[in-house]
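**Q** Using numbering that gives the first Met the number 0, read the sequence shown as starting at 0 and increasing by one per residue.
Any given hint could be a false lead.
Okay, derived cross-link-like pairs now, DSS-like style, lysine-lysine, Cα gap no bigger than 27 Å in a straight line [as the list claims (entries may be wrong)]: (1) 428 / 760; (2) 190 / 241; (3) 302 / 251; (4) 693 / 715; (5) 572 / 526.
These are calculated hints, taken from the structure and not from any lab test.
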Amino acid sequence: MNLINPVVSSVVPYVLNPIMRQFKYLFLPNNNVKAVVDAMDVLRAKKDIQNAKREGEDCSPEMEFWLEKVENIERDVAAIKQEYYLRKKCIGISSLNLVSNYKIGKRAFKTKEELMQLLNKSSKFEVICRYLKENTAGIVGIWGMRGVGKTILLRSINNEFIHNKDGMFDHVIWVAVSQNNIEKVQSDIAKYLGLSSADASAICDFLSRKSFLLLLDDLWSSLDLETIGVPEIQHDAQDENKRMVVFTTQSKAICRSMEADTKIRMEPLDDDAAWSLFNEKAGKELIASDEKIEYHAKDITEKCAGLPLVLVTVGKVMSTKKSPQDWEGVATMMGKFPGMKEPSLFPFLKISYDSLEGDSLRQCFLYCSLWGEDEQIPTDELIECWMGHGLLGDFDELNEAYIKGETIIGLLKEACLLESGVLKQPVLKSSDLTSNVKLHGMVRDLALWIASDCHENKRGWLVKRQRNLKRLPKDLSGREVISLANNKLRSLDQSAKFNKLRTFMLQGNENLDLISPGFFMTMHFLKYLDLSKTSITTLPEEIRMLQELQYLNLSFSSIISLPSTLGDLNQLKYLYCGKASNLKDIPQDLIPRLTKLNVLDLYSTGVYFFKGAYLDDMENFLCKLKGVGINIEGVSALKRLSCVPKQKVQLTEGFYEYLTSVSISPSLLGINSKTSLQELQILGISPLKELVMKTEHEDSWCLSHLKSLRLKFHPKLRNIIWEDLEARHFLPKLAYLSIYKCDSLTSLSWVAQLPSLQILKIRKCCKLMSIIADDHHKMIEDGTPFQSLKTLILDNLPDLDSIYEGKLSFPSIEAIILSKCWKLGSLPLGYDSAKNMTYISVKPGYLWDDMNWAFKCRFSRFVVQRSVEWTIFNGDRKEAEKGFKEGDLIKEDIKTMKTDPKKEVSLIGRGNGFPQVVPVMELIFVSNEMHSSKCSYEIL
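With these hints in hand, go ahead and build the complete structure from the sequences.
**A** So, in structure tokens, the structure goes:
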């Protein structure tokens with residue numbers, strides 16, 4: 000009997016429970032219906048939260064499958080609810096039809112079970128987010144084969160926490176690692192943090208005082224976190240700062256060597272999820288419209304082997320195939336490449352490439368691969384590359400080319416061959432405002448595979464960006480396209496045979512300062528040459544040998560002069576020299592000899608157009624171009640060039656002009672500036688007292704495409720006048736505004752109206768007392784001031800005592816940088832202000848500590864007190880400045896030094912603030928305490 004009782008007690012529940020459940024189906028259908036409806040309400044709330052989070056962003060295939068399941072079950076619950084309440088409504092009470100009760104009760108119960116599974120299912124995204132929220136320190140490794148969605152998952156985590164402003168992380172940092180280039184990783188981290196030094200000690204010192212989430216995408220080998228400057232990731236009960244690292248890799252072994260606390264394996268989707276994802280991308284209605292299409296769709300889905308990248312890419316292509324024959328053809332083709340080992344993925348992904356309309360669009364895709372793996376590609380640079388290769392066709396205005404380029408980017412995104420870049424915070428420089436795109440690593444490999452004629456021509460294209468190359472590779476002969484950008488090349492002196500070379504990209508080699516005379520001798524077919532962001536000061540006369548050259552870029556280089564032989568390049572269409580500040584000498588007849596030139600950019604160089612015969616000659620020539628970046632001395636000269644399609648303009652004071660007022664108007668800039676002008680800099684007009692914005696009876700005229708405005712060195716400028724118009728209508732797309740050394744301005748209320756302004760930089764305006772004056776309350780009440788502002792920089796404003804007397808919402812602000820604003824006692828931030836704030840950067844001690852307003856404590860956690868390091872040079876100050884460039888690393892912090900009092904000593908400061916030069920002093924003792932509130936100098 001003792002043996003029987005345990006057996007009976009364990010068996011009875013298995014016997015009775017199913018029987019009792021059947022009785023509930025019969026007699027208690029209302030309980031089952033109510034339970035499933037209540038559970039659906041909870042699940043629907045969870046779905047709404049996920050939909051809100053994914054709005055405008057990529058969603059993991061796992062989450063897409065979950066959301067689709069929820070939608071399906073939502074329809075089932077609605078049908079059950081409708082059927083039950085219709086029956087009840089007809090007779091006023093629950094139906095006595097036992098068969099009907101049983102069916103609806105059982106259906107409701109089964110649906111509730113399925114619903115609870117969905118409700119309790121934790122996605123990998125949720126598992127990682129929960130771990131990050133519940134722990135104070137840890138390392139998470141996400142591993143799996145290429146194409147399973149690791150990067151999409153990491154990007155979802157980035158977007159989740161970069162928008163989450165509840166104080167969990169001070170900084171969310173994204174780094175694409177790939178080749179484990181330590182210097183690049185450090186540089187990317189420093190840029191994200193706004194550090195001027197990328198040294199490991201500077202990074203470590205900064206992060207050790209902050210909570211952070213570091214996201215490392217695509218580790219190929221183990222990465223020593225301490226080497227790059229990441230503080231030790233371990234739990235410390237006395238440290239309130241969270242320190243988390245999440246990385247992706249293809250190898251579980253790397254997860255072990257990185258000592259990951261949690262390892263998440265990304266696997267191919269199961270059959271149901273794969274079929275669901277493919278249906279969504281190819282179109283459910285299309286697949287269901289024909290039995291043969293559905294048959295081939297299932298075949299294609301099976302051959303995609305559960306890889307989301309392949310399912311999405313092929314699915315998008317198949318959404319345009321309407322006949323069963325088309326589907327059969329793709330299914331047959333895929334059958335020739337069985338298996339999902341990585342090399343055999345390319346033929347599957349190539350389906351998307353083959354479906355692109357036209358050779359130009361396909362070429363545009365291939366040229367995306369000239370950027371590095373996982374590199375953020377600025378869209379403007381990409382469009383200029385396509386334009387320089389003749390892929391955008393003919394256009395009347397340069398703006399048309401950019402619009403066409405944006406359209407192509409959209410088409411490549413729709414084909415899943417191009418992705419949006421990663422969200423970046425904070426936005427600190429005007430260059431950060433450019434939108435970015437990127438290629439998935441496997442898609443980039445696909446492009447290079449296609450460019451090499453599917454590996455038949457392995458010597459066609461050579462791409463070695465960011466490899467720390469100090470010399471040219473030896474295997475350059477016979478190449479058609481070469482990209483060696485962002486390396487450390489010093490000279491171009493190799494005597495390779497470049498007889499097939501069409502494209503040569505060398506931008507970003509900052510140490511490159513020499514091109515040997517014979518280097519261009521064999522480049523008879525070169526069409527595209529990029530030498531921007533190099534230290535080249537001169538071009539050899541032999542550049543005349545490049546008779547097929549159509550595109551030459553010397554922007555941001557150290558070029559001093561252009562050789563006269565450049566004028567022999569009679570095929571040249573694009574000449575970019577913008578912001579090559581040392582360029583001052585261009586032979587007078589050079590530019591007019593370039594008879595096929597479409598675009599000329601000399602903006603922000605030392606080359607000016609002014610009165611006289613030279614201007615007469617240039618006026619006729621420039622008016623025929625499609626886009627011009629130009630520097631003009633004098634308003635009268637600028638008016639003469641009103642017909643020129645100006646994209647960028649720098650205006651300075653003209654000879655014998657004494658202008659107290661300048662009007663930004665159609666007669667000054669030209670009617671065509673409404674759509675062409677993107678950058679405007681007004682520089683050094685010493686008598687100027689007022690700047691007037693007006694339309695001159697051209698009511699619709701405005702600077703609708705102007706993105707950047709700089710006003711510098713106007714000591715008498717008191718007023719910026721808006722004549723019968725509003726700033727928001729006149730400058731609708733202005734994103735960057737810099738005002739420097741305008742010493743008579745007292746307020747700038749109009750800037751708050753600018754709808755697209757993202758960076759506002761005001762420096763050395765000694766009489767500025769407020770940004771928004773007290774008498775502009777109505778303007779604040781009528782709209783949202785600074786609605787798009789992300790970064791506010793206020794530097795050396797000794798009279799500034801208020802940004803605004805009231806409170807401002809600052810809905811988009813990410814960073815506020817303050818320096819030498821001695822009278823500023825508060826910030827206009829309330830309890831609900833600045834929900835996207837990332838950091839507030841101030842000078843050590845003397846500014847933030849003296850501020851006082853009701854909600855100061857709420858924002859104290861964002862404060863970064865800029866550190867200072869000192870490098871000390873004995874001797875001439877100019878030599879000191881020359882020897883210290885932004886980007887140099889100071890490896891030793893010199894804390895004390897004694898020197899002969901008769902010697903002059905220059906000190907150059909360096910830290911995670913702005914570099915600065917201290918005036919020459921006779922010093923005996925110098926003391927510096929890192930990150931302290933004082934940095935003292937004793938002069939004996």
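**Q** Each hint needs a verdict: does it hold in this structure or not?
**A** The hints, checked one at a time:
1. 428 / 760: holds (10 Å)
2. 190 / 241: holds (21 Å)
3. 302 / 251: Holds - the C-alpha atoms of residue 251 and residue 302 are around 26 Å apart, at most 27 Å.
4. 693 / 715: Status holds; Cα separation ~21 Å.
5. 572 / 526: holds (10 Å)
Comparing the model with each numbered hint stated earlier shows that all of them hold.
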